[in-house]
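Visitor: Input sequences plus hints: build the corresponding full structure.
Chains as they are written, first to last, in the working numbering: chain X, 20 to 358; chain G, 20 to 358.
What the hints contain is simulated information worked out from the structure, not anything from laboratory work. Be a bit skeptical, because a hint or two may be false.
Where chains are identical, the list cannot tell them apart; a pair therefore holds if satisfied intra-copy or between any two copies.
[As the list claims (entries may be wrong)] Derived pair list, reagent style SDA-like, types lysine to any residue, alpha-carbon separation capped at 20 Å: (1) K267 - V227; (2) K69 - E336; (3) K267 - A223; (4) K282 - E295; (5) K54 - E347; (6) K69 - R287; (7) K54 - Y343; (8) K352 - A315; (9) K69 - R334; (10) K69 - R338; (11) K352 - L321; (12) K69 - E339; (13) K69 - D341; (14) K69 - Q132; (15) K69 - I340; (16) K54 - D341; (17) K352 - A317; (18) K69 - A301; (19) K69 - R333.
There are 2 protein chains.
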Amino acid sequence: MPDTRRPSAVLAERVRAGDVRALARVCRMIDDRVKGYRELLRELFPHTNKAWILGITGAPGAGKSTLTDALIRQFRARDERVGVLAVDPTSPFSGGAILGDRIRMQQHFEDSQVFIRSLATRGALGGLSRSATDLICPVAAWGAGVVLVETVGVGQDELEITRAAHTTLVVMAPGLGDDIQAVKAGIMECADVFAVNKADLAGADATVSDIEQMLALGARPSTSSLRHSAATVAANTPAGHWVPPIVKCVATRGEGMHDLLQKLDAHRRWLEQTPEGAQQRAGRAHAHLLQTLQAALADELLARLEPEIAEAARRVEAREIDPYSACEDLLEKCLIGPR
Amino acid sequence: MPDTRRPSAVLAERVRAGDVRALARVCRMIDDRVKGYRELLRELFPHTNKAWILGITGAPGAGKSTLTDALIRQFRARDERVGVLAVDPTSPFSGGAILGDRIRMQQHFEDSQVFIRSLATRGALGGLSRSATDLICPVAAWGAGVVLVETVGVGQDELEITRAAHTTLVVMAPGLGDDIQAVKAGIMECADVFAVNKADLAGADATVSDIEQMLALGARPSTSSLRHSAATVAANTPAGHWVPPIVKCVATRGEGMHDLLQKLDAHRRWLEQTPEGAQQRAGRAHAHLLQTLQAALADELLARLEPEIAEAARRVEAREIDPYSACEDLLEKCLIGPR
Numbered sequence: 020m021p022d023t024r025r026p027s028a029v030l031a032e033r034v035r036a037g038d039v040r041a042l043a044r045v046c047r048m049i050d051d052r053v054k055g056y057r058e059l060l061r062e063l064f065p066h067t068n069k070a071w072i073l074g075i076t077g078a079p080g081a082g083k084s085t086l087t088d089a090l091i092r093q094f095r096a097r098d099e100r101v102g103v104l105a106v107d108p109t110s111p112f113s114g115g116a117i118l119g120d121r122i123r124m125q126q127h128f129e130d131s132q133v134f135i136r137s138l139a140t141r142g143a144l145g146g147l148s149r150s151a152t153d154l155i156c157p158v159a160a161w162g163a164g165v166v167l168v169e170t171v172g173v174g175q176d177e178l179e180i181t182r183a184a185h186t187t188l189v190v191m192a193p194g195l196g197d198d199i200q201a202v203k204a205g206i207m208e209c210a211d212v213f214a215v216n217k218a219d220l221a222g223a224d225a226t227v228s229d230i231e232q233m234l235a236l237g238a239r240p241s242t243s244s245l246r247h248s249a250a251t252v253a254a255n256t257p258a259g260h261w262v263p264p265i266v267k268c269v270a271t272r273g274e275g276m277h278d279l280l281q282k283l284d285a286h287r288r289w290l291e292q293t294p295e296g297a298q299q300r301a302g303r304a305h306a307h308l309l310q311t312l313q314a315a316l317a318d319e320l321l322a323r324l325e326p327e328i329a330e331a332a333r334r335v336e337a338r339e340i341d342p343y344s345a346c347e348d349l350l351e352k353c354l355i356g357p358r
Numbered sequence: 020m021p022d023t024r025r026p027s028a029v030l031a032e033r034v035r036a037g038d039v040r041a042l043a044r045v046c047r048m049i050d051d052r053v054k055g056y057r058e059l060l061r062e063l064f065p066h067t068n069k070a071w072i073l074g075i076t077g078a079p080g081a082g083k084s085t086l087t088d089a090l091i092r093q094f095r096a097r098d099e100r101v102g103v104l105a106v107d108p109t110s111p112f113s114g115g116a117i118l119g120d121r122i123r124m125q126q127h128f129e130d131s132q133v134f135i136r137s138l139a140t141r142g143a144l145g146g147l148s149r150s151a152t153d154l155i156c157p158v159a160a161w162g163a164g165v166v167l168v169e170t171v172g173v174g175q176d177e178l179e180i181t182r183a184a185h186t187t188l189v190v191m192a193p194g195l196g197d198d199i200q201a202v203k204a205g206i207m208e209c210a211d212v213f214a215v216n217k218a219d220l221a222g223a224d225a226t227v228s229d230i231e232q233m234l235a236l237g238a239r240p241s242t243s244s245l246r247h248s249a250a251t252v253a254a255n256t257p258a259g260h261w262v263p264p265i266v267k268c269v270a271t272r273g274e275g276m277h278d279l280l281q282k283l284d285a286h287r288r289w290l291e292q293t294p295e296g297a298q299q300r301a302g303r304a305h306a307h308l309l310q311t312l313q314a315a316l317a318d319e320l321l322a323r324l325e326p327e328i329a330e331a332a333r334r335v336e337a338r339e340i341d342p343y344s345a346c347e348d349l350l351e352k353c354l355i356g357p358r
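Guide: Right, here's the structure in full:
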């Protein structure tokens, strides 16, 4: 008897059954935004609630990839299925193909319980966070117990991916100089656990102190930083009684990894078992939905108003109209009701 | 006779007359989004067409701030009025107050023809790019011949600020290791001129080669990176016959600064005098308007649908509905016409 279900339903079922090739195919389809990709996401979404989404971020040079590698081993030792999404152009998980880095994690590619997908080779930044957060869905539905999302940077992209994570691990290392400041601005909004990697190097304790100082400074986010954007407010929802722990480790030698895993587990339990944890989850879910909504709106607007937007841009460039009035005119054309 | 004009018109006129205190006040008002700030922006916008917006970006540790400092001197030597907006938390222009960096640029604060404003102290990242691009308007209307916007990072924020710039200078330096790769992903979309700072250090020529290689690789952006987002498409508009020059310099000693200035001037002329330059300007203006529009829409949506969005986020978190369907339902509630 022929299978009369829709192709997307068949494919989704294969993913749910743990078929790696089906998962890889679905990831490509979503990545390329082929017709029907939303249908696929819809089919898969209800089956994603068992995965723990773990964001891993930090400055370049902190050893994020080595640490990710070591974490994969830890999760595999517990017999968990692991998904890895690498959005970090410096990661050997993804950068190898471009710049000749060796892929140290070759062994994981031969482990059928580890699925690795890189998003760093498309060359454009704008859509990265969106693709990455979309890909969490199929990887979770495939049955990953944990999905590691490795990102780099201090920008909006990283923040958006962090909102999709349950737990965010920020990796620091001694001797990165200014980097700690660069990362600082973004850290207070998203760090749940800190790892000070390369803890055998001089300056590790100073790095720990730096982080403690940052945490002390950031404990009371100023109201001015919260005032403007609801997305920011949601992302900043005070984390109740969770104080981000700082774990020293040497990922290349596996030192401190067990301790790190315990701290990550503790954050997961806090999320699942306390009212403050539930509040953090809800806050991030809210911020995440908001950004999905903004992306959907942008698509919709472009499809509807492409010529009008182009004409408005020309007039702004010629100083015939200011951008704020131009935007109001454009909104008028697509939004229901009085403004 | 009492002045019967609106307060915003009076304030705008003082800014246009070159009043630094009025400018500082307007910047605060815009930064804090006080009632009437859009009115102010509207008053000022028609008077902004004489300023050259120069974005300065690159990895932490490349010496951006020292180079910015040296550029300010160059522009002052030509008797140009200079505005500086620092969105880089590692910059002494902005980070000093938090982490005790010395403000090397103290002298500029005493020069009435140099206006410096930091945006790095608010602690949140999400709204930074928006505030920065909004502040370009009053600084330009104040009569700045050039507005330097100093940013850091590889994320969406930086990309957004770059779209508001006429010319983007990317600062690199030898020995930053992985940083060049971290910056790489964002560079091809926005670099008009490269400076290899600290060119007296070993490895400067290797850094120049790295950049040349990147440029060669990036000369033909893959179609897949262009397909998804119109904003990305606009930002990627091929730059015609402009090949980003690479200038070696030692900003601390002022070496190479004259050459750098000439290359920046050349890009400005290219923008103003060639069809390809006009095309680049138009492309960035389009991308910039689009992001202003998205921000305005997000504000509007939040104001209208706050409770509905919160409820939808709760249902998504509970897996009662998938985020894609939730977004479609929400769009249905606010957009005119069929979807």
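Visitor: Just pull the numbers of the violated hints for me, sorted ascending.
Guide: Hints that this structure does not satisfy do not exist here, as all of them hold.
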